[in-house]
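Sequences are here, hints too, so could you generate the full structure?
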Amino acid sequence: MRMRLDYRLSLYVMCGVLAGMLTVSSTGCAEKTIPSTVKLTSDNGARLMKGVKAVAVAVTDAQKTGVINEADTRKVLETLQLVTTKSEEASSYLEMLLAAQSPADQSTLAGKIQAALDFVNSGLFTALVPIKDEQLKANVSNLAIEVSKTVGLINHEILERFVVKP
Amino acid sequence: MPINEDLVKYTQLLGMINGLIPVAITLGTTVGGLVKEAIAAGRGDAATVEEAQLALANFRAATADTKSFIDTWLAEHPPTA
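So the sequence lines, in the order shown, correspond to chains A and B.
In terms of numbering that gives the first Met the number 0, the first sequence is residues 0 to 165.
In terms of numbering that gives the first Met the number 0, the second sequence is residues 0 to 80.
Source of the hints: derived by calculation from the structure; they are not laboratory data.
Keep in mind the model is a prediction, meaning the values are calculated, not measured.
Do not take every clue at face value.
[Said to hold, decoys possible] Mimicking SDA-like on lysine to any residue, the simulated pairs with C-alpha atoms at most 20 Å apart in a straight line are:
#1 A:Lys49 to B:Thr71
#2 A:Lys63 to B:Leu73
#3 B:Lys8 to A:Leu10
#4 A:Lys63 to B:Phe68
#5 A:Lys49 to A:Asn154
#6 A:Lys131 to A:Ser121
#7 B:Lys8 to A:Met13
#8 A:Lys85 to B:Asp64
#9 A:Lys85 to B:Thr71
#10 A:Lys85 to B:Ala56
#11 A:Lys49 to B:Asp70
#12 A:Lys49 to A:Leu142
#13 A:Lys74 to B:Pro78
#14 B:Lys8 to A:Cys14
#15 A:Lys63 to B:Asp70
#16 A:Lys85 to A:Leu39
#17 A:Lys111 to B:Arg59
#18 A:Lys49 to B:Ala60
#19 A:Lys136 to A:Asn68
#20 A:Lys85 to B:Leu73
#21 A:Lys74 to B:Ser67
#22 A:Lys111 to A:Ser147
#23 A:Lys85 to A:Glu145
#24 A:Lys74 to B:Thr79
#25 A:Lys49 to B:Leu53
#26 A:Lys74 to B:Thr71
#27 A:Lys49 to A:Leu81
#28 A:Lys63 to B:Trp72
#29 A:Lys49 to B:Arg59
#30 A:Lys63 to B:Pro78
#31 A:Lys111 to A:Gly151
#32 A:Lys63 to B:His76
#33 A:Lys111 to A:Ala98
#34 A:Lys74 to B:His76
#35 A:Lys148 to A:Leu127
#36 A:Lys49 to A:Glu87
#37 A:Lys85 to B:Asp70
[Stated by the list, open to error] These stretches of chain A come out as covered by chain B in the derived footprint (C-beta under 8 Å, 3 or more residues):
#38 49 to 62
#39 74 to 83
#40 86 to 100
Ideal Cβ placement from N, Cα and C applies to all residues, glycine included.
Structural data, given as structure tokens:
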């Protein structure tokens, strides 16, 4: 009777240990899925900021040739300055995402990254409003559309991996 | 004083559980990491933490470069009164 009881107890203990191993294994899987997404998002983020700089360069070059006046160029660049601040914010959240362990924290940070990048996107188009020259407006709009596509790619990646669906 | 054999056995079992917990955690974390890497490799987007950090540094550098360009232009062209 005593032998049978010990055998059953040992079996329960081993099952418990195995269940614990499986739980920890799945936790290990979850925490390691971050890097590839953070890498892809960062690559796209760098591309995005190069696009914003291309817009700034195009506008300042146009100012040199008199296509746009200095006051309007200033308005454009001041808005782009806000855009870069939001991009800095997004990169800080990305860094936190790299270290975040719980799905809830990851989802919250992913939401903040999306919000910051949405500001980058809308801010970029707002920046173009003072431009009156049609040719210049068309050129920089094309650059802004490319940036917008990159924001879309980032948001899709982040959404797929981190944002918890209701 | 008589020795309670059941108590001895249960104490031994508790000792065994205590010893197995850290082993299980270590094994579990290692297995979890390896499984994830295998899945990521199969998906074609395997990236180490170092690669992610490098990409993040590039993102920061691109942002800083753009910000610097804008700040410089604005500093060189102060608003006219």
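Now the hints, each set against the structure:
no. : hint                 : in the structure
1   : A:Lys49 to B:Thr71   : holds (16 Å)
2   : A:Lys63 to B:Leu73   : holds (14 Å)
3   : B:Lys8 to A:Leu10    : holds (14 Å)
4   : A:Lys63 to B:Phe68   : holds (15 Å)
5   : A:Lys49 to A:Asn154  : holds (18 Å)
6   : A:Lys131 to A:Ser121 : holds (19 Å)
7   : B:Lys8 to A:Met13    : holds (16 Å)
8   : A:Lys85 to B:Asp64   : holds (14 Å)
9   : A:Lys85 to B:Thr71   : holds (19 Å)
10  : A:Lys85 to B:Ala56   : holds (16 Å)
11  : A:Lys49 to B:Asp70   : holds (15 Å)
12  : A:Lys49 to A:Leu142  : holds (10 Å)
13  : A:Lys74 to B:Pro78   : holds (10 Å)
14  : B:Lys8 to A:Cys14    : holds (19 Å)
15  : A:Lys63 to B:Asp70   : holds (17 Å)
16  : A:Lys85 to A:Leu39   : holds (19 Å)
17  : A:Lys111 to B:Arg59  : holds (17 Å)
18  : A:Lys49 to B:Ala60   : holds (10 Å)
19  : A:Lys136 to A:Asn68  : holds (14 Å)
20  : A:Lys85 to B:Leu73   : holds (18 Å)
21  : A:Lys74 to B:Ser67   : holds (17 Å)
22  : A:Lys111 to A:Ser147 : holds (17 Å)
23  : A:Lys85 to A:Glu145  : holds (18 Å)
24  : A:Lys74 to B:Thr79   : holds (13 Å)
25  : A:Lys49 to B:Leu53   : holds (17 Å)
26  : A:Lys74 to B:Thr71   : holds (15 Å)
27  : A:Lys49 to A:Leu81   : holds (15 Å)
28  : A:Lys63 to B:Trp72   : holds (12 Å)
29  : A:Lys49 to B:Arg59   : holds (11 Å)
30  : A:Lys63 to B:Pro78   : holds (16 Å)
31  : A:Lys111 to A:Gly151 : holds (15 Å)
32  : A:Lys63 to B:His76   : holds (12 Å)
33  : A:Lys111 to A:Ala98  : holds (15 Å)
34  : A:Lys74 to B:His76   : holds (12 Å)
35  : A:Lys148 to A:Leu127 : holds (17 Å)
36  : A:Lys49 to A:Glu87   : holds (14 Å)
37  : A:Lys85 to B:Asp70   : holds (15 Å)
38  : 49 to 62             : holds (count 6)
39  : 74 to 83             : holds (count 5)
40  : 86 to 100            : holds (count 6)
In terms of the numbered hints stated before, the structure departs from none.
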